[in-house]
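Asker: As they're listed, the protein sequences go chains A and B.
Heads up: the first sequence at position 11 corresponds to 11 in the working numbering, and the numbers run straight through without jumps.
Heads up: the second sequence at position 212 corresponds to 212 in the working numbering, and the numbers run straight through without jumps.
Fair warning: there could be bad hints in the mix.
[To be verified] The following label-pair restraints were derived from C-beta to C-beta distances:
(1) B:G442 / A:E121: 21 to 27 angstroms
(2) B:N105 / A:T6: 32 to 38 angstroms
(3) A:T41 / B:K408: 49 to 55 angstroms
(4) B:E531 / A:G68: 42 to 48 angstroms
(5) B:P413 / A:G31: 54 to 60 angstroms
(6) A:E121 / B:K767: 28 to 34 angstroms
Because the hints were derived from the structure by calculation, they are not lab data.
Just so you know, even glycine gets a beta-carbon here, dropped at the ideal spot from N, CA and C.
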Amino acid sequence: MRITVTVDGTTYLDEVEPRTLLVQYLRERLGKVGTVVGCDTSNCGACTVHLDGHSVKSCAVLAVQADGCEVTTIEGLARDGQLHPVQRAFHDNHALQCGFCTPGMIMQSIDLLAENSDPDEQAVREGIEGNLCRCTGYQNIVRAVRDAAHEMRPGAGPEAERMNEAEMGTQAGVRRS
Amino acid sequence: MTTAAEPGQEVGKGRLRKEDARLITGRTRWTDNMSLPGMLHMAMLRSPMAHARITNIDTSEARQMPGVLAVVTGADLADSQGSLPCAWPITEDMKSPDAPSMAVNQVNFAGEVVAAVVARSAAEAADALEGIDVDYDELPVVLDMAEAIKDDADLVHPDLGTNSSATWIFDSAEAGTGGSVDEAIGSAEVVVERTFRQQRLIPAFMEPRSIVVDPTGEQVTMWSATQVPHILRLMLAMTLGVPEHKVRVIAPDVGGGFGGKLQVTPEEVITFLLAQKLGRPVKYTETRSESLASAHHGRDQLQKLTVAARRDGTVTGLKVELLADMGAYLRLVTPGVPILGAFMYNAIYKIPAYHFACTNVFTTKTPTDAYRGAGRPEATFAIERMMDELANELGMDPLELREKNWIKHEEFPYTTVSTLTYDSGNYEAATARAKELFDYDGLRREQAERRQRGDSVQLGIGISTFTEMCGLAPSRVLGSLSYGAGGWEYGAIRMLPTGKVEVITGSSAHGQGHETAWSQIVADKLGVPFEDVEVLHGDTQSSPRGLDTYGSRSLTVGAMAVLSAADKVIEKAKPIAAHMMECSPDDLEFSGGKFTVRGTGTDTGIADIALAVFAAHDLPDGVEPSIDADATFDPENFSFPHGTHLCAAEVDTETGQVRLRSYVAVDDVGKVVNPLIVEGQVHGGLVQGIAQALFEEAVYDESGTLMTGTFADYLVPSAADMPSFTTDRTETPSTTNALGVKGVGEAGTIASTPAVVNAIVDAIRHKGVDDVEMPCTPMRVWQAIQSGAQSAAGPGAEPGGGMGSLDAEGGAR
Ligand code: FES
Ligand code: FES
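Produce the complete structure using the sequences and hints provided.
Answerer: This is the structure we're talking about:
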């Protein structure tokens, strides 16, 4: 089947098998290997991307379902070398160890913040419940997401993915160490 | 040239990690990301039977399927695949079956590989598995360890004549390190005996294992999601008879291991053989279900403990009798895992008589091997549970009982009844800090109040005052335990002409943050900026020697090798600096990246020397034009981190639901290089240990099929299942290494499991409960309360222990 998809700002026109999963399409056809696969039952969230601005597990979506849609992956978040505030917050709060869950975790966190711009600890924990991390024990991830919330203005999500450079500049100035 | 940092300013600082930049932007190099010209894909057919003879395999249909280049069975590989290595023969008469990578005549666990397909695409390879027909002749399964060692038991490997692989014994009276346990028990005022079950766990690293083999170069190159590239290279050479110098192994980005990737796997061997056979690169990536079913599992022991004591609480003897489930085969260090625990049952206590005996048992289940802590969590769990049981028997506060028996801080160094010498520690300090952060006395008061008013939600306080041995070195000790390798580590430093530094480490990281920590250490030592240090690891070509990462050994052994190489760099640079400044080397001192002529303002930076050496125009006579250096470090002892963990658990006596109300972990890991990384290691470790207490178990049905074969059934906790932790540190430097550091990778996992179970039992002890089998699911806790009995197995022993997808409370996913 023929699909047209925009991924991280580039439009692709491709012939895909109906059974091809979105994550396979991203990784194998487009070389978007920043998005990873951690399970075969849609339980781990490692493959989370944004489909038209909302997080989906890309192992639970067929490539053909993304026809006509806009997909953002972890690779499309940073703009002109400036990290997205959530990416930066993960770094600043040591919210990753091996980093395998991180792309999915970041994409899910952005979606969470789009719905709730100031989540409390419990809301963060519930918001990322579908994303497993075996390394960090989650505490620093929770901290990172709440930290990012305070650094971002309300209504992150798709808008934050289009954040202009001036805004990003102030975010980048916030460092810890 | 860059300005030199002040000495000592990097180590101890919470540096944000260098590793993160790539990982948070998706610029990653997981093995499965790799794509090579002409690369083919492999899929494995695995046995659905736990124990069966293979009577026939028909691959003719699969061979005809589109895109298929090769279909192989065990018979095809029988002559070339060798037997997978077991590097730890714990006794001279240990029984060890042949361990083919691909089953030839018989399968011994469900998930064992019986055939493989190589095709143009992963999808075509997977499709072709359908075209393979295997006929099995079923054999009786062997699932229960206690049954398996009875005389008339069905045998996993009939040719071995028994399901018992080996029995390993330590006895303090025989060893001359203590008295006779039987005498201690015979003359004891109090004897407590308990049997605990260490359920089977699955490491469940988030990155499924993946392998790419490229046979097209002079060296065959294997990329593998492994913790142990160096060991893997050696073992491939030894197992397959390929010349070692013709093999290169690369562990690129590796997504967690926890011991689960400390292995030489059947899949690695099979991928290697098929790439060689086809002359083209081949990739194999396991699915999560394959990983859960066939990658090695951990724990799985039955632990019988008998403790003898006086009425005043003085412990007089400890006897430990174990059965340890090996699964169907002995993998790389399978038999040694329970034996590592032998040194840890006496824990932080002065126990005058000790006996340890462990029988390793074969079953028709997935092989077990190292999982975070490997032997030590099991030991710590059992002794810490036992201390609570003894305290209850004596009517003492469990902390008081511990204090009465533990080694006092002024008694270090202390040689234990199991022969180890603990170099340093301060259990009083860690405990005092933990009690304060936890409000121990306040919570005890609340517990008494709730008990008095018969609250349906009862409060329990769980204690774990643990220690562990880490570093897995020195080599001579490993040798005395018949371990197949040493415990040293390798490091090297390359001084580049521009003054930048390349550090090579043999210790292969997969999330631990070596690149950041090693940079901090080297920056201080050589007085160069943190940013100017690049750490290279995980490739046998760039990092030629090494023993990799496991057993919390990287910092205490690996970083010491790097430090020692840096010392050599400074020594080599010294005569050159003296030559450049026209003084005697004896007049020089090195600090902050500069050699200074004592008593003058004249100095030369290490970067200037690196450049001078590169030009080599004017060097002292007889001095080689290089200040690069390498070193191999073999420590004189293990390191012994310790800590006090306190857990408050609320147990709803009507539903059995457990809620962790607060958790305080005070760890003493010696000097700290990077507090941020240390805290992260503790957090992650805690969750894995708590998950054993509350959620995780690999459950088999009566036919030997793994029932917890997906992440829907094997309950790796999510963020919503976990509380936040209060962590703090006390600091007693290790005296056995120059930095004073101890390991930290496993501490949280080792300490937390007994803290949680002790808290649960403490909450409902007044209901007549003295144990709840792990994982302590609501069903089991409720059952324990109902029966007031010792163990609540039975209902709740199904997959997920009744907490799985059936139970929204338990984290349905
Ligand atoms: S890969 Fe696990 S949820 Fe998609
Ligand atoms: S950082 Fe390793 S799985 Fe989350």
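Asker: Tell me the hint numbers this structure goes against, listed in increasing order.
Answerer: 2
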